[in-house]
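Please construct the entire structure, taking both the sequences and the accompanying hints into account.
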Amino acid sequence: MGTLPDWAVKFCYDFYVSFIYDQRYKYIISGLGNTLLITFFAMLVGLALGITVALIRVSWDQSGRAMGFGPGKVLLGLANLVSKVYLTVIRGTPVVIQIMILYFIIMASSKNKLLVAVVSFGINSGAYVAEIIRGGIMSVDKGQFEAGRSLGFGYGPTMWLIILPQAFKTVLPTLVNEFIVLLKETAVAGYVSIQDLTRAGNIIRGVSYKDLPLWGVAMIYLVIVMFFTWLMDKLERRLRGNER
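Residue numbers (full-length UniProt numbering): 1 to 244.
Treat the hints as calculated values from the structure; they're not laboratory data. Bear in mind that the values here come from a model prediction, so they are computed numbers and not experimental data. A couple of the hints might just be wrong.
Claimed, not checked - Below, simulated DSS-like cross-link-like pairs (lysine-lysine); rule was C-alpha separation at most 25 Å, straight line:
#1 184 - 234
#2 234 - 210
#3 73 - 142
#4 84 - 26
#5 184 - 26
#6 142 - 84
Structure follows, in structure tokens:
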């Protein structure tokens, strides 16, 4: 039997030192779990917040300006103003600064670091989701609103039952891309001492003095992104098939 080449021997040794020795692979498992947990719940927060902000902005653009002066117009106008400020601030500042402000200042009394991360990334993602959904709503033919009204639906039911489903089909690829970006943005959670996947790899690198953990972390992110991309393509094909 021939001996292994030097590069293979080195790889096996680095792999053992990085992941097997002292059960260091558990850092990766724990970090991956935290990353997926943060991403999932931040995605839900971002989606809920994004839909709310998008509906406020669209409602103001389509009917708010034409409303007669009264409590309804004042409340909608105020909500629209708050939404615009929210979008400007969140899209105009780095996510790492946002999570640090939330962790060290706004939610400094919270002992749940994962909750802080979910709220922070959810708020950040919500700003981008809002503009994506708003664009999808605006792309729906205006005749669909008239069709809803002719069926006896008010503005709210028309939006929820007719407009939003069509808008979601249009913006689905962009939404999935936003959630992929969200997954990768969680890599900065380590700035507030959360052991996410990236921080786990960096911890192992610090104690093993090997670069392999960082390559491993990169491969894990890549596999997850490829899975989401495959899922998006499959869902798109199914939606196109249902339209026929």
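Comparing the hints with the structure gives:
no.: 1; hint: 184 - 234; result: holds (22 Å)
no.: 2; hint: 234 - 210; result: violated (38 Å)
no.: 3; hint: 73 - 142; result: holds (22 Å)
no.: 4; hint: 84 - 26; result: violated (43 Å)
no.: 5; hint: 184 - 26; result: holds (21 Å)
no.: 6; hint: 142 - 84; result: holds (24 Å)
In this structure, the earlier hints numbered 2, 4 are contradicted, and the remaining ones agree with it.
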